[in-house]
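**Student:** The listed protein sequences correspond, in order, to chains H and L.
Quick note on numbering: the working numbering labels position 10 of the first sequence as 10, and the sequence is numbered without any gaps.
Quick note on numbering: the working numbering labels position 35 of the second sequence as 1035, and the sequence is numbered without any gaps.
In silico lysine to aspartate or glutamate, DMTMM-like type, Cα no more than 25 Å apart, as pairs:
#1 LYS34/H to ASP1158/L
#2 LYS34/H to GLU151/H
#3 LYS34/H to ASP150/H
#4 LYS1034/L to ASP158/H
#5 LYS1034/L to GLU1151/L
#6 LYS1034/L to ASP1150/L
The calculated label-pair distances, taken between Cβ atoms and stated as ranges, are:
#7 ARG42/H to ARG1155/L: 20 to 26 Å
#8 TRP100/H to PRO1153/L: 24 to 30 Å
#9 ALA43/H to PRO1039/L: 42 to 48 Å
The set of hints was computed from the structure by calculation and includes no laboratory data.
A virtual CB, placed ideally from N, CA and C, is assigned to each residue, including glycine.
There are 2 protein chains.
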Amino acid sequence: MDWIAFALFLAAAAAAGATGAMFPTGAWLARLDKPSWMPPNRAFPVVWTTLYLLMALAGGRIVHAGGGGVALAFWALQIALNTLWTPVFFGARRMRAGLWVIGALWMAVLGFVLAAWPVDRVAALLFLPSLAWVSVAAALNASLLRRNPDERPLRLSDL
Amino acid sequence: MDWIAFALFLAAAAAAGATGAMFPTGAWLARLDKPSWMPPNRAFPVVWTTLYLLMALAGGRIVHAGGGGVALAFWALQIALNTLWTPVFFGARRMRAGLWVIGALWMAVLGFVLAAWPVDRVAALLFLPSLAWVSVAAALNASLLRRNPDERPLRLSDL
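Whole structure, please, built from the sequences with the hints as guidance.
**Tutor:** Have a look at this one:
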């Protein structure tokens, strides 16, 4: 484990996590038509905090192992898309654009798993909970988009 | 140059750049008191596109060189903070939080330069334009905060 890299990856994950505090779900999510299988609101910060820790551990292991440059490029891509999703969905309220972002995120997470596997199997496995949760989140995004066809993006530039 | 990694880094930069389209500056920036030295609006997308390309080239070079894991962790950190800044500043209109984010971004970019230098000097140099521009952007954020003390964050959760 490379602890300097771990700390940097954890800081990157904290930047992604900060979007949850900056763009609270608030009254908007409350009034949307939601599927019955949607996890309770309080689950999200707990799950994401755990996933961020696992991601940082995976990154630190890949740096320590060496030779995992492409896996680390996938790591950078998935954290950028992760940081993007919350402001797009809960800030601009663009559910359709959010679905594209989270679809790309799902592929980036899968890309990390595949690229990390030959470098450090534990690191690859540490991203499987992310892959599972992003699958749920993507299904949730799709369901909210389908159930609320009359919702329009927030016209931030008019405010 | 590792072209697969380059493409992944460019995709991560595109995610950061998408915030510019998702959170347009609009009427809000127009009505703020701005410093005379602020670059014209049209400069920003041109400059950022150039910087994103240089960043991706730097990342691809580090992956090709090998042994630059900590530099790549800084790369991931700087793209997460870059993706975070626009929604915080132009979405939530949190100028003070934005200053913290861009200060952290400045340090992450400097961290990349220092960590990349012993691995691939060209890659380190490719980030110097980013360091210069983030310095300008941070000074601009600080100036807008100081000149517009009565501006309040957008209460997105009330909308």
